[in-house]
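Asker: Sequence:
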Amino acid sequence: MTDTQTHYRTCNICEAMCGLEIQHRGSEILSIKGDSNDPFSHGHICPKAVALQDFYNDKDRLKAPMKRTADGWQEISWEAAFEEIASRFRGIQQEHGQDAVGVYLGNPNAHNFGNAIMLPRFFKALGTNNRYSSASADQLPHHVASNYMLGAGMLIPVPDIDHTDFMLIIGANPIVSNGSLMTAPGVGKRLKAIQQRGGKVVVVDPRRTETARKANQHLFIRPETDALFMLAMVHTLFEEQLVTLGHLEDRIDGLEQLAEAVKPYSPETVEAACGMTAEAIRELAREIAAAKSAVCYSRMGASTQSFGGLCQWLNNVLNILTGNFDSRGGAMFPQPAFDLVRDKKGKPSSYGRYESRVRKLPYFNNEFPVATLADEILTPGEGQIRAMITIAGNPVLSAPGGARLEDAFDALDFMVSVDIYLNETTRHADIILPATTGLEVPHFDVFFNSFAVRNTAKFSEPMFEKAPNQKHDWEILRDLALQLTGLEDDGVTPEAMLDLGLKHGAYGKEGMSLETLKANPHGVDLGPLQPCLAQRIQTEDGKIRIAPELYLKDLKRLDASGLLQADENSDYPFTLISRRLPRSHNTWTQNSHRLVKGKNPCTLQMNASDALKIGLEDGQLATVTSASGSINLPVEIDDDMFEGVISMPQGWGHNRTDTAMSIAEGQPGVSMNDVTDSGRIDALTGNAAFNGTRVAVKAA
Numbered sequence: 001m002t003d004t005q006t007h008y009r010t011c012n013i014c015e016a017m018c019g020l021e022i023q024h025r026g027s028e029i030l031s032i033k034g035d036s037n038d039p040f041s042h043g044h045i046c047p048k049a050v051a052l053q054d055f056y057n058d059k060d061r062l063k064a065p066m067k068r069t070a071d072g073w074q075e076i077s078w079e080a081a082f083e084e085i086a087s088r089f090r091g092i093q094q095e096h097g098q099d100a101v102g103v104y105l106g107n108p109n110a111h112n113f114g115n116a117i118m119l120p121r122f123f124k125a126l127g128t129n130n131r132y133s134s135a136s137a138d139q140l141p142h143h144v145a146s147n148y149m150l151g152a153g154m155l156i157p158v159p160d161i162d163h164t165d166f167m168l169i170i171g172a173n174p175i176v177s178n179g180s181l182m183t184a185p186g187v188g189k190r191l192k193a194i195q196q197r198g199g200k201v202v203v204v205d206p207r208r209t210e211t212a213r214k215a216n217q218h219l220f221i222r223p224e225t226d227a228l229f230m231l232a233m234v235h236t237l238f239e240e241q242l243v244t245l246g247h248l249e250d251r252i253d254g255l256e257q258l259a260e261a262v263k264p265y266s267p268e269t270v271e272a273a274c275g276m277t278a279e280a281i282r283e284l285a286r287e288i289a290a291a292k293s294a295v296c297y298s299r300m301g302a303s304t305q306s307f308g309g310l311c312q313w314l315n316n317v318l319n320i321l322t323g324n325f326d327s328r329g330g331a332m333f334p335q336p337a338f339d340l341v342r343d344k345k346g347k348p349s350s351y352g353r354y355e356s357r358v359r360k361l362p363y364f365n366n367e368f369p370v371a372t373l374a375d376e377i378l379t380p381g382e383g384q385i386r387a388m389i390t391i392a393g394n395p396v397l398s399a400p401g402g403a404r405l406e407d408a409f410d411a412l413d414f415m416v417s418v419d420i421y422l423n424e425t426t427r428h429a430d431i432i433l434p435a436t437t438g439l440e441v442p443h444f445d446v447f448f449n450s451f452a453v454r455n456t457a458k459f460s461e462p463m464f465e466k467a468p469n470q471k472h473d474w475e476i477l478r479d480l481a482l483q484l485t486g487l488e489d490d491g492v493t494p495e496a497m498l499d500l501g502l503k504h505g506a507y508g509k510e511g512m513s514l515e516t517l518k519a520n521p522h523g524v525d526l527g528p529l530q531p532c533l534a535q536r537i538q539t540e541d542g543k544i545r546i547a548p549e550l551y552l553k554d555l556k557r558l559d560a561s562g563l564l565q566a567d568e569n570s571d572y573p574f575t576l577i578s579r580r581l582p583r584s585h586n587t588w589t590q591n592s593h594r595l596v597k598g599k600n601p602c603t604l605q606m607n608a609s610d611a612l613k614i615g616l617e618d619g620q621l622a623t624v625t626s627a628s629g630s631i632n633l634p635v636e637i638d639d640d641m642f643e644g645v646i647s648m649p650q651g652w653g654h655n656r657t658d659t660a661m662s663i664a665e666g667q668p669g670v671s672m673n674d675v676t677d678s679g680r681i682d683a684l685t686g687n688a689a690f691n692g693t694r695v696a697v698k699a700a
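Take the sequence shown: its letters are residues 1 to 700, numbered as in the UniProt record's numbering.
FYI, nobody ran anything at the bench for these hints, they're computed from the structure.
Note that the structure is a prediction, hence the values are computed from the model and not measured.
Heads up, the beta-carbon is just placed ideally off N, CA and C, and yes, glycines get one too.
Treat the hints loosely; a few may be bogus.
[What the hints assert, rightly or not] The calculated lysine-lysine pairs, modelled on DSBU-like cross-linking and capped at a C-alpha distance of 30 Å, are:
1) K124 with K347
2) K599 with K698
3) K613 with K599
[What the hints assert, rightly or not] Quick list of simulated restraints, FRET-style, between CB atoms:
4) S561 with G97: 46 to 52 Å
5) S561 with A193: 37 to 43 Å
6) P264 with E515: 37 to 43 Å
7) L552 with N600: 26 to 32 Å
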């Protein structure tokens with residue numbers, strides 16, 4: 001009988017970086033619970049972590065390369081797969097140009113230690129500029145704001161939630177997400193701690209979210225009007241002489257231009273459009289200015305809309321003008337052991353270096369917006385994408401205009417997917433390359449330590465050895481790159497590159513290394529966030545650009561949008577927004593029975609008065625129609641919804657044919673992106689505008 005063993009690791013399903021304690025006997029998992037000795041999560045976990053055992057044991061998981069044939073999917077060897085892929089990709093590029101092959105990266109790449117470090121090598125070998133990822137369906141406005149204001153897209157300010165006295169949350173639901181671009185396991189306890197020390201939490205959202213229910217105050221707001229609301233807050237700070245710059249006073253460039261730009265946006269001007277009173281806006285501005293420490297945090301609801309770029313710029317502006325930038329209890333900057341912010345002072349930004357071929361959308365952070373991927377595949381002409389490789393992604397369900405993207409993938413000459421499932425996207429591939437996952441991989445959070453509310457570091461060894469015929473994702477990409485280039489393997493591994501980065505990082509002189517982390521399986525505490533912007537800012541002169549010209553110009557687009565007039569739309573009278581579920585993250589997590597069991601979570605939440613007007617009852621099937629398509633799903637009467645606004649979760653729709661995710665197919669839901677329009681984007685950043693889609697609703 002094999003003795004019971006204990007394994008410690010960081011959960012790599014979502015951003016929270018929860019420490020896990022896993023009891024197992026050989027390959028049998030006995031329990032998964034929170035690691036109380038983890039210096040960051042202190043024993044907190046959410047339901048998703050317990051499902052790691054389901055993905056490890058999943059009978060639907062692919063474990064060998066698969067090739068589409070006339071007789072269906074058949075296993076092939078790794079060697080045969082790599083040879084065919086390299087031959088087809090190089091043939092297409094030789095005939096149609098390097099950019100004829102496109103790449104799409106899904107969200108799990110950010111949680112994959114090996115890929116996070118080794119992907120640049122693969123990109124170099126493939127040699128295409130046609131790269132796309134989930135970042136432009138999610139967080140691009142944050143990176144563009146940091147790029148233009150601070151000189152580096154990865155220099156993201158993070159709420160110092162554990163020390164703040166006042167937290168304003170706009171379009172975010174961190175109790176469910178455990179933070180997003182604010183890595184904070186156990187957010188509920190952290191928010192409660194603010195209240196227990198006499199502080200206040202305010203949520204502004206079109207839905208009274210799980211976070212709003214725990215807050216001191218919730219204010220409804222109409223979707224897409226967040227930028228107007230934040231402009232009115234900034235207007236109030238200037239008008240009532242509440243601006244306090246604190247220790248950054250000599251580092252602010254553009255203050256006068258900002259003050260002039262916000263003059264037209266008084267609370268009285270925007271109140272009708274936003275759906276809240278001018279006095280409520282003014283009082284909120286006064287409170288955040290008067291608090292001993294305060295922080296404004298806005299996320300998905302503010303980012304994934306037509307003016308997401310303005311929202312994330314204004315979020316930073318509010319923190320700067322109230323003296324809460326780079327200050328304890330405000331918006332601060334982590335100092336991760338493995339730092340993604342390189343010295344870029346004086347170096348040009350990649351923003352706008354290229355434009356997408358069809359819609360002329362901006363290139364940023366070495367990729368184009370995913371909203372235009374289907375255009376680049378379906379539109380003939382020089383530079384057309386004719387082959388694709390998708391890596392750990394399911395954009396048919398997660399990108400805007402999913403149905404059109406399906407047509408695009410069907411039109412490709414050749415397609416490859418690196419994925420563990422035959423899903424709604426990979427079913428279009430010619431070859432699928434499955435990798436190890438979860439408990440079989442080593443892990444270090446390359447990205448999310450950069451967004452964490454406390455400085456820590458932790459390396460997790462694999463819990464189980466991979467089978468001899470399995471490959472890690474980074475090994476797949478390495479072998480593909482070698483096949484494409486004809487070069488010999490130089491032996492470089494993610495662990496070696498991590499060790500080098502740790503030794504040359506902020507804590508290298510104190511002995512930080514991979515060996516140090518391996519000797520501390522619970523993780524290493526590196527202390528609370530500290531003011532450090534003077535050392536980390538990447539603008540050439542070390543100053544914060546508080547009013548970059550491209551944001552001031554984008555105000556004209558906001559003015560021309562008609563939002564200030566709050567026009568009614570008789571054809572599409574409702575506004576659709578997305579929501580996140582505690583037991584769901586990406587589309588692949590829905591193949592765990594313990595995460596989808598129970599009643600159907602894919603419902604259309606609607607205010608009771610709205611339902612009464614159109615004759616809908618709780619549980620009744622409704623048809624939601626937009627200019628892009630229609631879907632049917634059950635109604636859930638919920639007065640936590642603002643009138644005129646409806647909500648459904650994103651990432652569902654496991655109702656396509658020819659997939660093999662048996663549990664997900666048993667609770668399929670419908671895809672929100674069958675009614676979203678890939679033409680709706682934030683023109684400033686290129687980020688997809690999922691929230692704010694105009695729709696009609698009626699009984700199915």
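Asker: Determine for every hint whether it applies to the structure shown.
Answerer: Cross-check of the supplied hints:
no.	hint	result
1	K124 with K347	holds (20 Å)
2	K599 with K698	holds (22 Å)
3	K613 with K599	holds (26 Å)
4	S561 with G97: 46 to 52 Å	violated (37 Å)
5	S561 with A193: 37 to 43 Å	holds (39 Å)
6	P264 with E515: 37 to 43 Å	violated (58 Å)
7	L552 with N600: 26 to 32 Å	violated (46 Å)
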